[in-house]
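Since chain A is already given, all that's left is putting chain B on it; use the hints.
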Amino acid sequence: MRSDPTSCERVADELAAAAGGTGVLAPSVRRHVDRCLRCQAVAAQHRKLARALHDLAGDELPAPPGLEDDVLLALDELDRAGVLDHLRHHRAAYLGGLAAGVASVAGAIVLARSRRAVGRVA
Amino acid sequence: MPGAAPDVTFRVMERSEPEMAVLVASAQAGDRGAFDELVRRTTPGTFTLARRLCGDPDDAADVVQDTYLRAYRSLRRFRGDAAFTTWLHRITANCATDHLERRNRHRHEDLDDHPAPVDERPETDPVARTGNDELRSELVAALDHLPAKLRAVVVLRDVYDLPHGAIAAELGISETAAKVRLHRARRRLREVLYPLPGEAQEEAV
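Top to bottom, those sequences are chains A and B.
Reminder that position 2 of the first sequence reads as 2 in the working numbering, one-by-one numbering, no gaps.
Reminder that position 203 of the second sequence reads as 203 in the working numbering, one-by-one numbering, no gaps.
Chain A on its own, in the form it takes in the complex (with noise of 0.2 Å):
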């Protein structure tokens, strides 16, 4: 059976679609198929191809030596930055409150002083 090459080309993206059971061929094309050893031969090959590809999932390349070394550094130097930002927070927080501490006893020396003179006044 001679192969129509617009219909062919036409169907190329359905067969690619079908390989690896992600599309389901519509009748129209499911019957060109049927009449097209061209198209019959490139679902084979879409066919094999999945299967191939589905392989490959059992494979591991070896990492480059150091690889894994060069993660836990670079996870040390995460750490670090997160501690160094948490001991900036506290220290921020500890001159606010050394601050404020102080501006309160300040005012309560001022107060009483204040207070003092008032009642000598009187």
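Keep in mind that the hints were calculated from the coordinates and are not lab data.
Glycine included, C-beta positions come from ideal geometry on N, C-alpha and C.
You can take every hint at face value.
Counterexamples of contact, computed for chain B against chain A with all Cβ distances above 12 Å:
{"#": "1", "residue": "ALA21"}
{"#": "2", "residue": "SER26"}
{"#": "3", "residue": "GLY80"}
{"#": "4", "residue": "ARG102"}
{"#": "5", "residue": "ARG105"}
Covered stretches of chain A, as calculated for chain B (at least 3 residues, CB under 8 Å):
{"#": "6", "region": "7 to 18"}
{"#": "7", "region": "36 to 46"}
{"#": "8", "region": "56 to 67"}
{"#": "9", "region": "70 to 82"}
Using the frame of chain A, we list chain B on its own:
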């Protein structure tokens, strides 16, 4: 993990990997040693995915590092709905996309405009080729030659079996766009690995 008390509920979903689940729970509770162990156990798998997505070992190493830093920062948001490795794969895909976009921004090139790789082998008859190893190595080479945007989708869908929705979310594209890219990637791979006479002539022109 800087900071402290665990405020997440970890649901054990990795029945086949109970040790991993325990490590994840400990890491979420702030045990840095547990996270280090997770890194040790998952680095080969993460590198493999990154290598498949980037097509280059140096880029893949950068992506692996970004992946673990991002995973470490957001570990508390992992709720165990999927396996830890699946969650890590999604982060890897996201980091790979960011990495390749950053790199390509400097290169000023559109990945979709890359020409299809030209098959320079004199013998391309699939009947003449036997052995899965040969097909596998040719497939890996063809994947490496795909434009990154197409490669990401076909690797995540056909190799790692991620659903279209997850792929679209990780790559920041619509589900329709993800499917279009997938079909285009499959067509290109098929044309490179099993070129039909007409296709071989088109490529040669």
